[in-house]
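All letters in the sequence shown, in the order written, are residues 1 to 66 by my numbering.
There could be a bad hint or two in this list.
What the hints assert, rightly or not - Label pairs and their computed distance ranges (CB to CB): (1) N17 - E53: 29 to 37 Å; (2) D15 - S55: 32 to 40 Å; (3) I11 - E53: 18 to 26 Å; (4) S3 - P27: 15 to 23 Å; (5) D14 - S55: 28 to 36 Å; (6) N45 - P24: 17 to 25 Å; (7) A41 - T8: 17 to 25 Å; (8) E52 - D15: 30 to 38 Å; (9) D15 - E42: 16 to 24 Å; (10) Y54 - T8: 12 to 20 Å; (11) P24 - E52: 28 to 36 Å; (12) N17 - E52: 26 to 34 Å.
Quick caveat, the hints were computed from the structure, so don't treat them as lab data.
In this text, all values refer to a predicted model and were calculated from it rather than measured experimentally.
Ideal placement from N, C-alpha and C gives every residue a C-beta, glycine not left out.
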Amino acid sequence: MKSLKDYTIVIRLDDNNTFVAHIPLIPSCHAWGKTLDEACAELVNVFEMIQEEYSEMVISNANTLN
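Make a model of the complete structure from these sequences and hints.
Next up, the structure:
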């Protein structure tokens with residue numbers, strides 16, 4: 001999986017004045033915050049969790065091929 005800086009991040013202000021950030025190429029990678037900085041920080045956390053899960057899946061799939 002690439003690093004976060006390799007993806008386009010979309011940030012918008014929601015109807016309830018919260019910031020919503022997401023990566024369109026990774027459907028489950030989205031976060032929100034009361035401020036722009038908070039939304040971005042949460043998106044980093046979500047991306048890191050997804051990246052870790054992806055790495056575990058790749059290792060697991062490689063082990064089943066052997």
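- Item | C-beta pair E52, D15: status relative to the range 30 to 38 Å that was hinted | holds (32 Å)
Check your understanding: Are S3 and P27 spaced within 15 to 23 Å by their CB atoms?
Key -> Holds: the Cβ-Cβ distance is about 19 Å, inside 15 to 23 Å.
Measuring from beta carbon to beta carbon, are A41 and T8 in 17 to 25 Å?
holds (18 Å)
Within 28 to 36 Å: is that where the Cβ-Cβ distance between P24 and E52 falls? violated (21 Å)
- prompt: Quick one: are I11 and E53 within 18 to 26 Å, going by C-beta?
  reply: holds (23 Å)
Does the beta carbon distance between D15 and S55 stay inside 32 to 40 Å, or does it fall outside?
holds (36 Å)
Practice prompt. Look at the Cβ atoms of N45 and P24 and judge whether their distance stays inside 17 to 25 Å.
Written response: 18 Å Cβ-Cβ, so the 17 to 25 Å window holds.
task = Please test the hint of 26 to 34 Å on the beta carbon pair from N17 and E52.
result = holds (32 Å)
With respect to the beta-carbon atoms only, verify the hint that N17 and E53 lie 29 to 37 Å apart. holds (31 Å)
Assuming the hint says 28 to 36 Å, is it satisfied by the Cβ distance from D14 to S55 or not?
holds (31 Å)
Outcome of range test on Cβ distance (Y54, T8; 12 to 20 Å):
holds (18 Å)
For D15 and E42, compare the CB-CB distance with the range 16 to 24 Å and indicate the outcome.
holds (19 Å)
Of the numbered hints stated above, the single one contradicted by the structure is hint 11.
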